[in-house]
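Student: Sequence:
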Amino acid sequence: MSHAADTAMRPLRFMPSGPLKGTIRVPGDKSISHRSIMLGALAVGETKVTGLLEGEDVLATAAAMRAMGASVERVAEGEWRVHGVGVGALLQPEAPLDMGNSGTSTRLLMGLVASHPISATFIGDASLSKRPMGRVIEPLSQMGASFEASEGGRLPLILKGASPAVPISYRLPVASAQVKSAVLLAGLNTPGVTTVLEPVPTRDHSERMLRGFGAELNVEVETDGTRVITIRGEAELRPQVIDVPGDPSSAAFFIVAALLVPGSDVVIENVGLNPTRAGLIDVLRQMGGQIEEINAREVGGEPVADLRVTHSVLKGIEVDPAMAPSMIDEFPALFVAASLAEGTTRTSGLDELRVKESDRLAVMATALAAAGARIEEHEDGLVIEGTGGEPLAGAENAIATHLDHRIAMSMAVAGLASRDGVEVDDTRPIATSFPVFETMLDGLKT
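Using the working numbering, read the sequence shown as starting at 39 and increasing by one per residue.
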């Protein structure tokens, strides 16, 4: 295949379908997959991982850990073995670390490298290279790491780790699990105690998994709700056996699709329901969505259940801004659901969406308006007047996804709930997080 063919955009029109029916299992949680490989690479011995998400973002993390000395091998589909080098023993990478489209890989790996006596050059694709890294550079610089970044604190950048790094107490200026995780990961190889003060709770996979691998990590909650997270450095991590639960962010598209398409009845197995990630389900239930938890259980310290989702008449609501951290990646899907609800849905406190893979507020407002939805864009959220269950008209021209996988998948769902279908300009970005999305969707169509 020629290079030109490799880089050609892949447009696709998603058409309305009959009821969605069947049972599916979405790929493994992306957040947990990233951390399984990183922490396995820092443990001494063999970590076994099943259910790993094999999207491009996670593969970028795997390649980076190999470049720094760990053995990371795929045994079978979703099954991986990681032989770690130990905390403090990462090797100098011989070539730049290519992060592709993965902001998670970039920010977390910057944390890892920051307290090791090595330097690394981070590069990424056009979309990632537009995303600001300053919020991670700031605390890691306080710990002693030095940076040569492109204008605006963007990639490409060179990070020179500090040895020894300096423990800090850092209050997060914005709710960001990635910044929190970067500081905690840097703290792994920093003598003494590193502290993160988190005024607004964000996803806590790093805390759960660091403890699981044997790090001395404590969390206390102050009277005002601030979480005080401490980690003792120069840790010795123990290898683990990890079964990665299904990614709630990937399940979100099928949950919304089943709620919107009349007659649908879908079971999504093995979905991770960590309370710091399950905000979308809570909000959709507030809107009247029928989402039933079956076989609730705990796997590797993470709550998991099968979800049965049936077509529902949704009602518009005012979404509590405090929900944002627990569903920040799911708002594009929620905006689609709100577009077909009865009445008005108001969202606010979503400034973070403007610095994702794309400006998700602006891009989704434009995309849904093109598909026939009634949208008002505000500085920190969208106000959406729903159709009352009537299908969207559909989009005459292709929707610009701006290399953003969640825009592409959200608008695919909008196409199912439209009269004339919705064409997205490029389906390639979907592979970063959900390579089998289209196949799985086709399998539910009756």
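Think of the hints as simulated: they come from the structure by calculation, not from any bench. Treat the numbers as computed from the prediction; the structure is a model and nothing was measured. Don't be surprised by glycine CBs; every beta carbon is placed ideally from N, CA and C. Keep in mind that the hints are not guaranteed to be accurate.
Straight line, CA to CA, 20 angstroms or less: simulated EDC-like cross-link-like pairs of lysine to aspartate or glutamate [what the hints assert, rightly or not]:
#, residue 1, residue 2
1, Lys168, Glu189
2, Lys86, Asp303
3, Lys59, Glu423
4, Lys86, Asp281
5, Lys483, Glu461
6, Lys86, Glu117
7, Lys168, Glu336
8, Lys168, Asp136
9, Lys483, Asp303
10, Lys353, Asp281
11, Lys353, Asp458
12, Lys168, Glu94
13, Lys483, Asp458
14, Lys168, Glu186
15, Lys59, Glu461
16, Lys198, Asp136
17, Lys59, Asp344
18, Lys168, Glu476
19, Lys86, Glu115
20, Lys353, Glu330
21, Lys198, Glu94
22, Lys86, Glu428
23, Lys59, Asp397
24, Lys198, Glu176
25, Lys353, Asp320
Derived DEER-like restraints, expressed as beta-carbon distance ranges [stated by the list, open to error]:
#, residue 1, residue 2, range
26, Ala114, Pro202, 23 to 31 angstroms
27, Val231, Arg384, 40 to 48 angstroms
28, Glu111, Ala334, 30 to 38 angstroms
29, Val351, Glu476, 22 to 30 angstroms
30, Glu380, Thr264, 37 to 45 angstroms
31, Gly230, Thr45, 27 to 35 angstroms
32, Glu132, Glu476, 31 to 39 angstroms
33, Thr264, Ala114, 37 to 45 angstroms
34, Val82, Lys198, 43 to 51 angstroms
Student: If a hint holds in the structure, say so; if it does not, say that too.
Tutor: Taking the hints in turn, this is what the structure says about them:
1. Lys168 with Glu189: holds (10 angstroms)
2. Lys86 with Asp303: Violated - the C-alpha atoms of Asp303 and Lys86 are around 35 angstroms apart, more than 20 angstroms.
3. Lys59 with Glu423: violated (28 angstroms)
4. Lys86 with Asp281: holds (8 angstroms)
5. Lys483 with Glu461: Roughly 18 angstroms between the alpha carbons, so the hint for Lys483 and Glu461 holds.
6. Lys86 with Glu117: Measuring from Cα to Cα gives roughly 8 angstroms; hence the hint holds.
7. Lys168 with Glu336: violated (38 angstroms)
8. Lys168 with Asp136: Between Lys168 and Asp136 the Cα gap is close to 15 angstroms, so the pair holds against 20 angstroms.
9. Lys483 with Asp303: Judged against 20 angstroms, a Cα distance of about 11 angstroms means the pair holds.
10. Lys353 with Asp281: violated (36 angstroms)
11. Lys353 with Asp458: Roughly 24 angstroms separates the two Cα atoms, so the pair is violated.
12. Lys168 with Glu94: The given pair, whose Cα atoms are some 18 angstroms apart, holds under the 20 angstroms limit.
13. Lys483 with Asp458: holds (17 angstroms)
14. Lys168 with Glu186: The given pair, whose Cα atoms are some 16 angstroms apart, holds under the 20 angstroms limit.
15. Lys59 with Glu461: Not OK: Lys59 and Glu461 at ~23 angstroms, beyond 20 angstroms, violated.
16. Lys198 with Asp136: With Cα atoms ~17 angstroms apart, Lys198 and Asp136 stay inside 20 angstroms; holds.
17. Lys59 with Asp344: Within the cut-off at roughly 15 angstroms; holds.
18. Lys168 with Glu476: violated (28 angstroms)
19. Lys86 with Glu115: Roughly 13 angstroms separates the two Cα atoms, so the pair holds.
20. Lys353 with Glu330: Holds, at about 18 angstroms.
21. Lys198 with Glu94: violated (26 angstroms)
22. Lys86 with Glu428: With Cα atoms ~48 angstroms apart, Lys86 and Glu428 exceed 20 angstroms; violated.
23. Lys59 with Asp397: Violated. Lys59 to Asp397 sits at ~33 angstroms, over the 20 angstroms cutoff.
24. Lys198 with Glu176: Distance ~14 angstroms between Lys198 and Glu176 Cα, so the pair holds.
25. Lys353 with Asp320: holds (14 angstroms)
26. Ala114 with Pro202: 23 to 31 angstroms: violated (40 angstroms)
27. Val231 with Arg384: 40 to 48 angstroms: holds (42 angstroms)
28. Glu111 with Ala334: 30 to 38 angstroms: holds (33 angstroms)
29. Val351 with Glu476: 22 to 30 angstroms: holds (28 angstroms)
30. Glu380 with Thr264: 37 to 45 angstroms: Because 38 angstroms falls inside the window, the suggested range holds.
31. Gly230 with Thr45: 27 to 35 angstroms: violated (48 angstroms)
32. Glu132 with Glu476: 31 to 39 angstroms: holds (37 angstroms)
33. Thr264 with Ala114: 37 to 45 angstroms: Since Thr264 and Ala114 have Cβ atoms about 43 angstroms apart, the given range 37 to 45 angstroms holds.
34. Val82 with Lys198: 43 to 51 angstroms: violated (25 angstroms)
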